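The chain contents come next:
There are 2 protein chains.
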Amino acid sequence: MEIIRDIASIKQIIKKARQEGQTIGFVPTMGYLHDGHLSLLRKAREDNQLVILSIFVNPLQFGLGEDYEEYPRDLTGDAAQAEKVGCHYIFAPTVKEMYPQGYSTYVDVEKLTDGLCGASRPGHFRGVATVVAKLFNIITPDRAYFGQKDAQQALVILKMTRDLNMNLDIIIMPIIREEDGLAMSSRNAYLSPAERRAALILNQSLIKAAAQIKSGEQDAAAVRAQILENISTEPLAAIDYVTIVDASELTDVVEIKGPTLIALAVRFGKTRLIDNIIVEV
Amino acid sequence: MEIIRDIASIKQIIKKARQEGQTIGFVPTMGYLHDGHLSLLRKAREDNQLVILSIFVNPLQFGLGEDYEEYPRDLTGDAAQAEKVGCHYIFAPTVKEMYPQGYSTYVDVEKLTDGLCGASRPGHFRGVATVVAKLFNIITPDRAYFGQKDAQQALVILKMTRDLNMNLDIIIMPIIREEDGLAMSSRNAYLSPAERRAALILNQSLIKAAAQIKSGEQDAAAVRAQILENISTEPLAAIDYVTIVDASELTDVVEIKGPTLIALAVRFGKTRLIDNIIVEV
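Protein sequences, first through last, are from chains P and X.
Heads up: the first sequence begins at 1 in our numbering, then just goes up one per residue.
Heads up: the second sequence begins at 1 in our numbering, then just goes up one per residue.
Keep in mind that the hints are not guaranteed to be accurate.
Covered by chain P, per the in silico footprint, the following chain X stretches (three or more residues, Cβ under 8 Å) [stated by the list, open to error]:
#, region
1, 161-174
2, 193-204
Mimicking DSS-like on lysine-lysine, the simulated pairs with C-alpha atoms at most 27 Å apart in a straight line are [said to hold, decoys possible]:
#, chain 1, residue 1, chain 2, residue 2
3, X, K16, P, K16
4, X, K15, P, K15
5, P, K111, X, K111
6, P, K15, X, K43
7, X, K16, P, K11
8, P, K16, X, K11
9, P, K15, X, K11
10, P, K214, P, K257
These aren't lab readings, by the way, just hints derived from the structure by calculation.
Please read all numbers here as calculations on a predicted model, not as lab measurements.
Cβ coordinates follow ideal geometry from the N, Cα and C atoms, glycine included.
Model the full structure from these sequences, guided by the hints.
Set out below in structure tokens:
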């Protein structure tokens with residue numbers, strides 16, 4: 001496995017792979033890999049002949065006062081993990097390589113980005129869509145892999161690729177959780193031991209909501225109230241949002257029917273965590 | 001030559017051409033072809049094995065009250081002309097094919113689009129960048145051809161392809177003029193005989209400005225004042241803008257030196273015409 005830092009070199013590698021008729025699987029990440037990322041790489045390895053992982057902490061998707069500077073980074077550790085699951089290249093460009101002086105082009109996916117994390121983090125999805133559009137043009141993958149943990153992000157990317165007629169498939173893979181149920185996230189590294197324990201309330205309240213719906217509750221407001229109440233039993237949790245929406249359009253739901261996404265963002269100290277579940281009625 | 005109306009079919013044709021190792025030249029237009037467009041097609045034919053012309057009057061780049069409905073259309077005539085210069089396929093999608101129900105992704109090129117036509121036509125370049133990004137993803141050309149008549153458009157496209165790391169070359173070809181100097185444009189068809197005569201003032205005033213600069217004038221304000229005065233001798237001309245800017249950044253110039261773009265937009269009746277010249281000092 002090799003780490004490539006510049007666009008020209010990775011494009012050269014891609015060109016050669018294409019000439020040899022290889023299929024390309026791509027996993028874009030911000031690094032600090034956990035088992036969630038590794039599950040994407042493993043699937044990419046199964047589906048494609050060449051697997052490329054990108055590691056780029058994208059300043060464009062962080063707002064003012066967010067954790068861009070502190071975001072955890074460990075390229076050496078990431079490389080060791082990626083190599084073990086059969087990744088062929090890591091593309092890890094600098095910020096200057098991706099956004100040279102005078103950079104001024106942005107991709108906006110409207111509507112889908114109005115609510116959920118888009119409402120809490122203005123400009124976030126513009127940054128995500130822009131960097132992913134760039135990475136797709138650089139890597140030209142046959143397939144790109146995203147985790148369901150960032151449910152809104154996955155839908156935004158899917159919408160962008162369809163709307164802009166991009167030539168690849170987007171594969172969305174299930175959330176990978178710690179044994180006690182906490183959704184894996186690079187940001188879990190920020191949590192104090194007490195916050196780490198408190199954060200279990202997220203998955204627990206989602207499981208309870210799913211059970212409540214399975215036992216017949218279809219009133220979204222009632223389910224949401226139950227989740228809010230559950231989370232508020234945890235003094236360290238500060239709710240950013242809890243929302244129940246159509247699983248593909250992300251529009252608010254009154255009566256739960258069809259594929260429905262229950263998504264939430266909650267702060268524990270300085271750390272903002274997200275989690276979600278899709279229920280089918 | 002064949003006319004293709006849907007994205008899936010043209011993608012199939014492109015895929016086959018790629019498998020055969022053909023290079024692809026692409027000329028995106030709104031149709032109603034004139035010799036300017038044909039010069040792009042001829043160049044595309046010289047440089048590439050397969051030449052694709054798109055004809056799509058893109059509603060997204062027309063503002064409210066602009067001429068989207070009236071924009072001249074003549075697919076049969078266009079096809080005859082395109083075939084004569086060696087075009088292989090015309091891609092002429094419907095609006096619904098390009099912007100299906102729920103379409104919501106847009107490409108913005110900032111800064112370059114603040115002035116000139118961007119200031120007069122809010123949203124225009126968002127529409128242009130978005131449709132061209134889509135067309136580039138559909139056609140995946142090696143080279144795409146644009147005319148210098150739409151100077152700002154050509155720079156916006158060039159900037160977008162560089163910023164988003166798109167895998168093609170942008171070729172910008174010189175303005176083609178009628179024998180009497182009027183820059184060719186599909187919108188010339190709107191002009192009454194009197195407006196058609198009056199419109200000659202555009203090229204004439206640009207030529208005079210270039211001569212003035214060649215003879216030593218470097219004060220942009222003085223050159224601009226001279227152009228404004230020239231145009232105002234023509235009663236049918238209503239000036240939208242006359243601007244003197246750096247030829248690659250489109251930023252205002254005080255002293256003329258290096259490659260400088262003199263660009264203007266002027267209305268004759270309901271018809272808005274643009275023209276420009278690049279001078280080098």
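Hints, verified against the model:
Coverage of a stretch by a chain is defined here by at least three residues with a beta carbon nearer than 8 Å to that chain's beta carbons; for the region 161-174 of chain X and chain P the count is 5, and the condition holds. Counting residues of the region 193-204 of chain X whose CB falls under 8 Å from any CB of chain P gives 0; the rule of at least 3 is not met. Restraint check: the Cα-Cα separation between X/K16 and P/K16 comes to about 19 Å, which is no more than 27 Å; the hinted pair holds. Note on X/K15 and P/K15: the hinted pairing holds, with a Cα-Cα distance of about 16 Å set against a maximum of 27 Å.
Of the supplied pair hints, the one linking P/K111 and X/K111 holds, its CA atoms being roughly 24 Å apart against a limit of 27 Å. For the hint pairing P/K15 with X/K43, the CA-to-CA distance comes to about 26 Å; that is within 27 Å, so the pair holds. With a C-alpha separation of about 22 Å, the suggested pairing of X/K16 with P/K11 holds against the 27 Å cut-off. Our distance criterion of 27 Å between C-alpha atoms is met by P/K16 and X/K11, whose separation comes to about 22 Å.
For the hint pairing P/K15 with X/K11, the CA-to-CA distance comes to about 20 Å; that is within 27 Å, so the pair holds. With a CA separation close to 11 Å, the supplied pair P/K214 and P/K257 stays within the 27 Å bound.
Checked against the numbered hints listed earlier, the structure breaks hint 2 alone; every other hint is satisfied.
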